[in-house]
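First to last, the sequence lines map onto chains P and G.
Take the position in the first sequence, starting the count at 1, then add 5; the result is the number in the numbering used here.
Take the position in the second sequence, starting the count at 1, then add 5; the result is the number in the numbering used here.
Treat the hints with care, as some may be off.
No distinction is drawn between identical chains; accordingly, a pair holds when it is met within one copy or between any pair of copies.
Stated by the list, open to error - Calculated cross-link-like contacts (lysine-lysine; reagent style DSS-like; alpha-carbon spacing at most 25 Å):
id, residue 1, residue 2
1, K664, K636
2, K631, K505
3, K653, K641
4, K653, K400
5, K664, K631
6, K641, K264
7, K631, K641
8, K264, K417
9, K187, K172
10, K479, K505
11, K631, K479
It should be emphasised that the hints constitute simulated quantities derived from the structure, not laboratory data.
Number of protein chains: 2
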Amino acid sequence: MAKQLNKQLGRSSVHIEDAFWNRFTELVRETVIPYQWEALNDRIADAEPSYAIRNFRVAAGLEEHPYGGMVFQDSDVAKWLEAVGYSLANHPDSELEHTADGVIDLIALAQHENGYLNTYFTIKDPGKQWTNLYEAHELYCAGHMMEAAVAYYNATGKRKLLDVMSKFADHIDSVFGPEEGKLRGYDGHQEIELALVKLHQATGEQRYLNLAQFFIDERGEEPNFLVEEGHQRDGYSLWAGGKRPVPTVAQLAYNQAHKPVREQEAAVGHSVRAVYMYTAMADLARLTGDQELRAACERLWNNMTRKQMYITGGIGSTHHGEAFSFDYDLPNDTVYAETCASIGLIFFAQRMLMLEAKSDYADVLERALYNNVVGSMSQDGKHYFYVNPLEVWPKASEKNPGRHHVKAERQKWFGCSCCPPNVARLLSSLNDYIYTASGAANTIYTHLFIGSEARFDLAAGSVTVKQQSQMPWKGYASFEFTEVPGGSFTFALRIPSWSKGQAVLKVNGQITEYTADNGYGLATRNWQQGDIAEWEPQLETQLTASHPEIRANAGKVAIERGPLVYCLEEADNGAPLAAISIAASGVLNSYFDDQLLGGAVVVEAEGRLDEQDSWREETPYRPYAKQQASKPVQLKAVPYYLWGNRQKGEMTVWIRAVK
Amino acid sequence: MAKQLNKQLGRSSVHIEDAFWNRFTELVRETVIPYQWEALNDRIADAEPSYAIRNFRVAAGLEEHPYGGMVFQDSDVAKWLEAVGYSLANHPDSELEHTADGVIDLIALAQHENGYLNTYFTIKDPGKQWTNLYEAHELYCAGHMMEAAVAYYNATGKRKLLDVMSKFADHIDSVFGPEEGKLRGYDGHQEIELALVKLHQATGEQRYLNLAQFFIDERGEEPNFLVEEGHQRDGYSLWAGGKRPVPTVAQLAYNQAHKPVREQEAAVGHSVRAVYMYTAMADLARLTGDQELRAACERLWNNMTRKQMYITGGIGSTHHGEAFSFDYDLPNDTVYAETCASIGLIFFAQRMLMLEAKSDYADVLERALYNNVVGSMSQDGKHYFYVNPLEVWPKASEKNPGRHHVKAERQKWFGCSCCPPNVARLLSSLNDYIYTASGAANTIYTHLFIGSEARFDLAAGSVTVKQQSQMPWKGYASFEFTEVPGGSFTFALRIPSWSKGQAVLKVNGQITEYTADNGYGLATRNWQQGDIAEWEPQLETQLTASHPEIRANAGKVAIERGPLVYCLEEADNGAPLAAISIAASGVLNSYFDDQLLGGAVVVEAEGRLDEQDSWREETPYRPYAKQQASKPVQLKAVPYYLWGNRQKGEMTVWIRAVK
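Taking the hints into account, I'd like the entire structure generated from these sequences.
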């Protein structure tokens with residue numbers, strides 16, 4: 006039943022119409038998708054060429070060129086197509102659909118007779134298929150193309166890419182598996198697992214779910230496939246272009262393949278790989294009822310979000326391997342917090358919400374979405390952060406090699422361009438993250454407060470609800486029921502962590518009691534057509550402290566306002582920002598500044614500026630007793646997601662607190 | 006005249022007898038030199054073999070083995086021999102001298118007919134001499150052996166190694182120079198320049214001084230020798246073992262060869278290379294009267310010590326290239342601050358003092374010596390820090406790859422073992438750093454307060470003075486004149502920066518006025534035999550703040566007491582240390598703890614400990630308003646040079662200050 010309902014709660018059943026989010030979804034539709042199309046076709050001046058479409062033309066036999074780009078370049082085309090699918094579902098566009106159909110025709114031409122599809126191994130390394138799962142991203146690329154196929158099919162009803170990818174999935178199923186003669190292997194970069202779940206849901210084919218389960222179950226088992234495979238290749242490394250030591254089992258923590266997934270206790274290794282895997286694990290736990298897998302998901306979720314997550318929803322604190330380091334190690338300046346990792350965290354959170362409606366999952370989803378993810382994209386949609394720092398000193402980014410990875414300005418399309426298309430596919434499918442519903446329990450859960458019109462099929466009958474939201478600026482959303490079933494059903498509203506449990510429900514203007522359960526306010530009643538529910542979670546500007554074990558933030562506070570994390574920028578507060586402290590018990594004023602980058606609430610706070618004038622250039626250190634009184638100063642904080650859109654300068658989220 | 010006097014102020018004219026320093030000089034003599042001898046002979050269990058002596062035996066034709074160790078492994082033998090020379094000068098030891106003589110015989114056997122001497126190019130790459138100055142450290146190794154030769158000759162009067170190295174210097178002089186047919190080149194790693202100055206002083210040979218001047222003058226000139234040489238080798242790289250891009254002129258900032266030395270404005274590149282070069286520049290400025298070179302020295306000194314030096318006297322803030330990064334970039338946790346770089350800084354400071362007695366040079370010399378350098382060695386003399394951090398979180402050193410270079414524990418002899426023998430040669434020649442004298446001006450300058458007996462030859466006649474010092478624990482040193490000339494002379498005493506200009510002079514018990522000049526208290530009088538001068542610079546425990554541009558230290562203070570920087574260790578204060586703050590206007594108590602690692606003054610301070618009990622494991626972030634009051638706590642700080650000698654744990658120099 007749940008499965009069926011999930012299908013009915015498909016992409017077309019929720020449409021966003023929201024003052025805050027429309028600009029992003031329009032940006033994706035009007036700018037990002039067309040711009041990325043140009044990028045995939047190597048037509049962006051001054052940016053590294055992608056070669057992604059050219060590779061498909063070459064693989065299809067239409068042109069002759071050497072292979073271009075990374076080994077996983079195909080996935081950029083896939084992510085673009087997936088975004089196009091979501092976009093078409095929400096906003097039909099015949100010209101864009103025509104372009105996408107052309108790409109799909111090209112992809113079909115590049116497919117081998119037996120179903121195999123990968124331009125790298127077609128053009129550059131034919132005959133070497135499935136010999137380097139550790140490095141070559143073959144199943145990863147396949148997974149992204151499966152996601153694209155499902156999104157495009159759901160949007161347009163066109164089966165061509167779905168059939169191409171089903172044929173490829175059948176081929177993969179004939180190559181991998183526990184049976185004698187098949188490879189007991191899996192990809193070095195998880196992705197196909199969650200994609201096969203989607204393909205299973207779109208096609209109804211049970212074998213695809215089984216194959217996903219096989220990849221998850223096999224991972225990290227002894228003898229370790231990736232180690233054995235390395236010996237088979239005699240240590241040949243694609244990246245090094247020569248022989249390299251075969252990784253040890255311990256080193257495979259990078260790929261989360263150091264031990265069986267059910268035994269993994271903490272988030273380790275490459276953060277994107279990790280969250281893509283956890284997403285598939287949560288899918289499988291839901292669809293198969295595997296309690297052990299569910300327990301592993303909860304354990305990994307808890308470790309990651311409670312001990313290894315930045316306040317912005319960023320994960321992965323070191324650029325060495327784009328990886329998790331260890332509990333409470335969250336440096337703000339040498340940070341990684343890759344955009345793709347937060348997107349994967351959002352996928353994982355969504356699947357956990359499908360397992361169990363618990364506000365913790367939605368709180369984290371919202372945190373990552375409104376801060377790390379949206380902040381990664383420039384206001385023009387053409388520049389992106391890979392790395393999302395919480396503290397930036399532009400000179401250090403330039404001149405200290407340990408911070409070269411932290412850019413002070415968003416960059417154009419990258420050589421390894423995973424993040425921009427990932428942002429596009431997330432934002433164009435944002436409608437999928439607002440609600441979940443339990444048809445059997447006749448309950449609709451509202452996770453995000455984003456203006457939209459949604460239709461749900463419950464056991465009791467159909468519900469259509471129109472949400473209007475003033476978030477993130479005000480703690481107010483209203484829900485008008487324009488279609489209701491005959492009987493009662495439960496409308497559940499998330500009580501955001503930032504409201505500190507203070508949220509008022511009104512029904513038709515009357516304050517109404519509700520039952521709080523798992524972080525949601527539940528109103529079960531015989532809802533009538535035209536009923537209006539208003540939801541007012543307390544949304545205040547507040548200072549936030551972090552756990553004492555997070556050494557990087559000791560003595561510091563961050564400014565938060567509802568789902569938004571704020572930051573200080575040099576543009577508003579001068580430099581060095583480190584000379585500024587904030588009055589911990591001072592007044593925090595907020596107001597909407599419609600001149601600021603499309604309009605945003607800014608926060609003003611009482612602060613102190615360390616006295617600097619008495620310092621001479623020639624004195625690096627001097628008695629503290631010489632320090633003169635700090636001066637009172639008005640601080641201006643802007644939402645983190647807007648940082649770096651005005652001028653290159655310092656930025657900080659965490660600010661020293663003074664009494 | 007100056008030159009002659011410098012010679013008379015040779016190593017044998019100052020003998021240390023000091024409560025604080027004897028343990029270090031004895032440690033070097035009794036433990037470090039013998040231990041390093043074992044290391045050079047590959048007899049330290051569990052440590053990487055050195056192969057340094059074995060290479061010489063192979064090069065001498067006595068044994069057959071492949072070359073072992075780094076390309077500059079010869080320099081370890083040289084630095085050991087140099088330390089032995091200094092040690093023998095202060096403390097004759099026939100057995101040690103016999104061992105050293107044997108090594109010298111071996112070195113002589115390894116010398117080529119034409120004077121060339123280098124085991125790497127003798128054993129591993131014969132015929133490739135002088136083809137890779139950029140990488141191969143040939144002149145660097147030569148320089149270290151010249152320094153050893155001079156030290157050994159000065160100590161023992163034995164000329165064998167001096168002759169060997171003079172012959173090599175003659176050969177080098179025949180290969181390098183501005184003349185047609187010679188290489189207009191220089192080494193990728195500066196060292197020979199300062200060594201040739203020493204060889205010139207020991208032998209009186211002017212050509213060696215000229216050659217040093219050539220190397221300095223040629224460096225960074227266009228066309229760039231290191232670039233040209235790279236093209237000649239067709240990009241062959243010794244380190245990579247294959248072809249690599251030839252460095253650009255800009256990249257040669259690493260080697261301080263990006264522009265002529267006289268045009269260099271700021272300290273850049275590999276920090277040890279830099280300070281070795283500056284040392285030679287200061288030598289040459291003094292010996293040749295080159296004012297332009299002197300101005301460059303002063304400019305580079307000022308930039309380095311005022312904007313790129315840690316409070317511990319550490320320099321070079323990034324491990325990427327063991328290099329300077331840029332002004333005010335002094336991170337405490339990802340720091341480099343290599344031991345060898347601070348030793349080179351001490352060399353440079355000594356030469357600047359020889360140019361001009363200015364207390365700034367001695368203040369920095371003292372800072373680096375009493376903190377970074379002495380702290381690099383364990384109390385057993387057998388374990389060393391390469392990297393001298395100002396903040397350590399052992400778990401981060403283990404688990405965050407960006408901090409792997411920062412060790413929480415001193416290590417045994419290293420594969421690349423530059424630091425331990427460098428410490429040994431500095432500490433065994435410490436007597437050379439206490440005084441300088443201007444014979445013509447009849448002035449003796451006292452830079453360091455270290456108990457010793459010293460003899461000076463001034464124009465007025467000979468002076469012998471016996472210093473007794475209670476530093477670094479108390480601001481007291483006395484000077485008894487046991488031999489005086491007939492006329493008057495000036496006895497100058499450094500007014501340490503930490504005394505804030507407060508220093509009392511007593512002569513024979515009577516407070517006596519003095520003239521303050523360039524940071525020295527000058528007492529010119531007709532000193533009588535038996536006169537006793539007492540010098541009492543104010544030595545108080547104080548809190549130190551750092552320049553607002555040093556972002557890493559914003560809002561923090563360090564504890565200093567005289568020349569010593571203090572730190573908090575987990576052993577005394579628990580963890581996380583970041584939860585601790587210090588009362589900026591609180592009382593600072595200090596007392597001598599004779600149980601602490603041989604006895605040291607510890608500092609107790611009033612502090613606050615952030616409340617931690619109300620935090621739950623599952624809450625990474627929460628409203629600051631929930632924060633409960635911090636608790637008063639007694640902090641215990643120990644001298645930085647003693648850190649890491651008790652247990653592995655957190656350490657921090659900079660402490661958050663609260664009012």
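Do the hints match the structure? See the list:
no.	hint	result
1	K664 x K636	both (14 Å within a copy, 15 Å between copies)
2	K631 x K505	between (43 Å within a copy, 11 Å between copies)
3	K653 x K641	within (17 Å within a copy, 42 Å between copies)
4	K653 x K400	within (10 Å within a copy, 34 Å between copies)
5	K664 x K631	both (21 Å within a copy, 14 Å between copies)
6	K641 x K264	neither (48 Å within a copy, 44 Å between copies)
7	K631 x K641	between (29 Å within a copy, 24 Å between copies)
8	K264 x K417	neither (38 Å within a copy, 34 Å between copies)
9	K187 x K172	within (18 Å within a copy, 71 Å between copies)
10	K479 x K505	within (15 Å within a copy, 56 Å between copies)
11	K631 x K479	between (46 Å within a copy, 23 Å between copies)
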